[in-house]
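Go ahead and model the full structure; you've got the sequences and the hints to work with.
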Amino acid sequence: MPPSGELAQLPQGDRPPLESIPIPGTPITREIPALRDDDRARRMAWKGLEEDDPDDGDEEPPVDFSQKGPLPADDMDMTPMVDVVFLLLIFFMVTASFTLQQTIETPPAMTEDPAFTQIEDPTEEDEYVEVIVDQNNSYFVTTRSQGDVEAPTEREMRERIKQAKTDFGARVLKIRAHTESTHGRVTAVWDSGIAIGMDQIILRTTEEDF
Amino acid sequence: MTDVVADLVDVRPKKVKTEEADLDITPMIDIVFLLLAFFVMCSKMDPSDPVAMPKAQYGSTIPEKNCIVLVAVPGPTPGSSLIYKGRSKDENQLVRASDPIAIEEEIGQYVESEYTRKPDAIGVMIKGDREVKTGVIEMIKRGVGNSAMAQTRQIFIGVEQLR
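Those protein sequence lines, which keep their order, are chains A and B. Sequential numbering of the first sequence, starting at 440, is according to the working numbering. Sequential numbering of the second sequence, starting at 138, is according to the working numbering.
A couple of the hints might just be wrong.
Label pairs and their in silico Cβ distance ranges [to be verified]:
| id | chain 1 | residue 1 | chain 2 | residue 2 | range |
| --- | --- | --- | --- | --- | --- |
| 1 | A | ILE641 | B | ALA234 | 25 to 35 Å |
| 2 | A | GLU647 | B | ALA189 | 25 to 35 Å |
| 3 | B | SER217 | A | PRO547 | 26 to 36 Å |
| 4 | B | ALA285 | A | ASN575 | 23 to 33 Å |
| 5 | A | PRO519 | B | ALA234 | 55 to 65 Å |
| 6 | A | THR518 | B | VAL177 | 19 to 29 Å |
| 7 | A | PHE530 | B | PRO187 | 22 to 32 Å |
| 8 | A | VAL533 | B | SER197 | 15 to 25 Å |
| 9 | B | PRO200 | A | GLN574 | 31 to 41 Å |
| 10 | B | LYS202 | A | PHE649 | 21 to 31 Å |
| 11 | A | GLN574 | B | ILE238 | 15 to 25 Å |
Don't read these hints as lab results, they were simulated from the structure. Just so you know, even glycine gets a beta-carbon here, dropped at the ideal spot from N, CA and C.
Right, dumping it as structure tokens:
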């Protein structure tokens, strides 16, 4: 039903406030939908958006424009990303500043003339086990009970040193390495000595073939 | 009539577009960082490490930056070795001398100058390839012994942790 009475004749621009409009003889409840429609049309014109379908628009609640539009896209939460980035930053800083290296500690270097180096004979108190690494990188283990027994593998060499320690209480490991033997093989003997718990490890090199 | 025109112009697609721009990229970032962390953890920590050091079970861990580092690797010809004064295989840091006595002197001078520069260094670290001859490592040790300051400090033989 079209709006009737004074309201209908009023021009669009200078409509008086709703409360001041006298509506003679017409129940106010019938006029409100028309007023709301007009009001909404004006708001939509201001927003520059499409006009709602007037057929079903009356039953729906008014559209709340404040919650729509491009605002949620800009509102992305950066906090988790920043968290992860800082975590990575800390990780790299820690690993970069502390480049740790596994090492085997050896005594300070001493310059000594080989011609004057006195090699002490082993005494009964100094029970020892000697490992020879020859020019072909083979291991020979000498203990009090057995002399120069070849140990084909590192595992066997280690077992023999262990046995010498348990059977005879050997506390000193002497390594005699040929200068042509490889660094890796000699280090393996040294590591075995640490693993078994020898009190003292002495490394001596020689150029004489075994 | 105005309704018909509004339908023809159809502003609705614009509305749909703004909704698509609202795509949540958080899971994508999560996955990307997860992959990044995975590759960081799986890759070798120091790929520039040029030396295949001997494997050992009971090495002690020390910070490399507190040491004077010497590197020994096998040379181009069988049986030969190259010694570098520093932690990288830099051509400028190669020990040029060929005579064993001259090599030892050159190493001794380098260690002495490094100790003068870094007086708080805890020792000399020799990072020798596992295929280098024992004689070469001993020669480096003797060279280090030429430095008076090195005679009171430890020598560390670099190893790889045996897993």
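For which of the previously enumerated hints does the structure constitute a violation, in increasing order of number?
As far as the earlier hints go, 4 and 10 are violated by this structure, in ascending order.
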